[in-house]
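Participant: Sequence:
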Amino acid sequence: MVLELIFIVAVLFAVFILFYRQAIEQYNILQIESNQVEELPKLLSERTPLVLHDIGQPKLFTPETLKANARLQQFPIGAKQTLGQYLQHPTPQVSLTKKASLLLAKESGLATWGEHTWFPKLFQYPFLQHIHTFTTEAILGEQGLRKTTGIVTILYPTSGALEVTLMTEHQEKCLPPQWRGRFPEVFTIQDTPLAGELKYITIKLRPGNMLCVPTHWYTSVRVVEKDKPACWTKYTLDNPISWVASTMEGSLDA
Numbered sequence: 154m155v156l157e158l159i160f161i162v163a164v165l166f167a168v169f170i171l172f173y174r175q176a177i178e179q180y181n182i183l184q185i186e187s188n189q190v191e192e193l194p195k196l197l198s199e200r201t202p203l204v205l206h207d208i209g210q211p212k213l214f215t216p217e218t219l220k221a222n223a224r225l226q227q228f229p230i231g232a233k234q235t236l237g238q239y240l241q242h243p244t245p246q247v248s249l250t251k252k253a254s255l256l257l258a259k260e261s262g263l264a265t266w267g268e269h270t271w272f273p274k275l276f277q278y279p280f281l282q283h284i285h286t287f288t289t290e291a292i293l294g295e296q297g298l299r300k301t302t303g304i305v306t307i308l309y310p311t312s313g314a315l316e317v318t319l320m321t322e323h324q325e326k327c328l329p330p331q332w333r334g335r336f337p338e339v340f341t342i343q344d345t346p347l348a349g350e351l352k353y354i355t356i357k358l359r360p361g362n363m364l365c366v367p368t369h370w371y372t373s374v375r376v377v378e379k380d381k382p383a384c385w386t387k388y389t390l391d392n393p394i395s396w397v398a399s400t401m402e403g404s405l406d407a
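Numbering-wise, the working numbering comes out as the position in the sequence shown, counting from 1, plus 153.
It is worth saying that the hints were derived from the structure and are not from the lab.
For every residue, glycine included, the Cβ atom is placed at its ideal position computed from N, Cα and C.
Treat the hints loosely; a few may be bogus.
[Claimed, not checked] In silico DSS-like links for lysine-lysine, alpha-carbon gap of 25 Å or less:
#1 251 with 212
#2 233 with 300
#3 274 with 259
#4 379 with 251
[What the hints assert, rightly or not] With beta-carbon atoms standing in for the labels, derived distance ranges:
#5 270 with 346: 42 to 52 Å
#6 260 with 184: 15 to 25 Å
#7 189 with 346: 36 to 46 Å
#8 359 with 190: 11 to 21 Å
#9 244 with 221: 15 to 25 Å
#10 226 with 377: 17 to 27 Å
Please take these sequences and the hints and turn them into a complete structure.
Facilitator: And the structure:
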């Protein structure tokens with residue numbers, strides 16, 4: 154019995170690893186509407202970025218709801234800045250660590266809302282929820298290049314339109330050694346000799362729409378209206394294998 158259990162676990166991990174290492178090198182974007190949400194699990198298995206249109210906005214993590222919460226206005230988002238100060242004088246660049254973004258998601262209710270509303274929708278078979286984790290980050294302003302490590306990474310603006318740049322893993326050879334946190338459109342030959350060969354696409358993502366990005370892609374996020382607060386959410390779905398990679402990746406932003 155013990156040997157059979159070990160064998161089953163080994164097979165499951167082998168499947169997870171094989172699934173995790175698969176990557177798509179083409180720039181195709183799938184699009185569905187809010188009344189097609191039930192198709193989400195099947196489409197996500199195609200390992201292609203997907204935009205989900207017109208799903209509405211949560212009544213959480215918007216400038217209006219945050220300003221109405223005196224406790225959250227005192228939330229520190231940097232060494233010398235609070236959330237309330239950011240809302241009064243927004244800037245594109247915000248010094249929000251991974252640890253702070255996770256805590257802000259919890260304190261604002263985004264984490265609970267995401268786990269209740271979206272986590273179940275990502276699975277065709279509900280029992281799979283028990284072997285996956287769902288992480289929520291509440292983010293302000295712009296974010297330079299990151300590499301997705303979760304099975305699915307979801308970007309969801311709640312206030313302010315975003316410009317999301319996507320690159321496949323194949324572009325890694327064109328990136329400079331110190332690419333993390335930077336924006337690909339500003340790379341020059343002085344940063345990397347292959348700057349001219351770097352290929353990416355940019356998607357304008359408005360509040361009420363959601364972008365699902367598969368694993369092993371690079372993303373960067375710009376704010377469209379730089380003089381207004383930009384609030385957005387990042388959800389990460391992990392299986393046991395990707396969870397290890399996501400934990401290591403997240404430690405770089407701690």
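Participant: Verify the CB-CB distance for residue 260 and residue 184 against the hinted window 15 to 25 Å.
Facilitator: With Cβ atoms ~33 Å apart, the hint is violated.
Participant: Please verify whether residue 274 and residue 259 have alpha carbons no more than 25 Å apart.
Facilitator: 20 Å, holds
Participant: Can you tell me whether the CB distance of residue 244 to residue 221 sits inside 15 to 25 Å?
Facilitator: 22 Å, holds
Participant: Keeping to a limit of 25 Å between CA atoms, is the pair of residue 233 and residue 300 held or broken?
Facilitator: 28 Å, violated
Participant: Are the Cα atoms of residue 251 and residue 212 separated by 25 Å or less?
Facilitator: Roughly 23 Å separates the two Cα atoms, so the pair holds.
Participant: At the C-beta level, are residue 189 and residue 346 separated by a distance inside 36 to 46 Å?
Facilitator: 44 Å, holds
Participant: Regarding residue 359 and residue 190, is the given constraint of 11 to 21 Å on their beta-carbon distance met?
Facilitator: With Cβ atoms ~18 Å apart, the hint holds.
Participant: Do residue 226 and residue 377 keep their Cβ atoms within the hinted range of 17 to 27 Å?
Facilitator: Given range 17 to 27 Å: holds, Cβ gap about 24 Å.
Participant: Does the alpha-carbon distance linking residue 379 and residue 251 stay inside the 25 Å limit?
Facilitator: Holds - the C-alpha atoms of residue 251 and residue 379 are around 22 Å apart, at most 25 Å.
Participant: Honestly, do residue 270 and residue 346 meet the 42 to 52 Å range at C-beta?
Facilitator: 46 Å, holds
Taken one by one, the earlier hints fail for this structure at numbers 2, 6, listed in ascending order.
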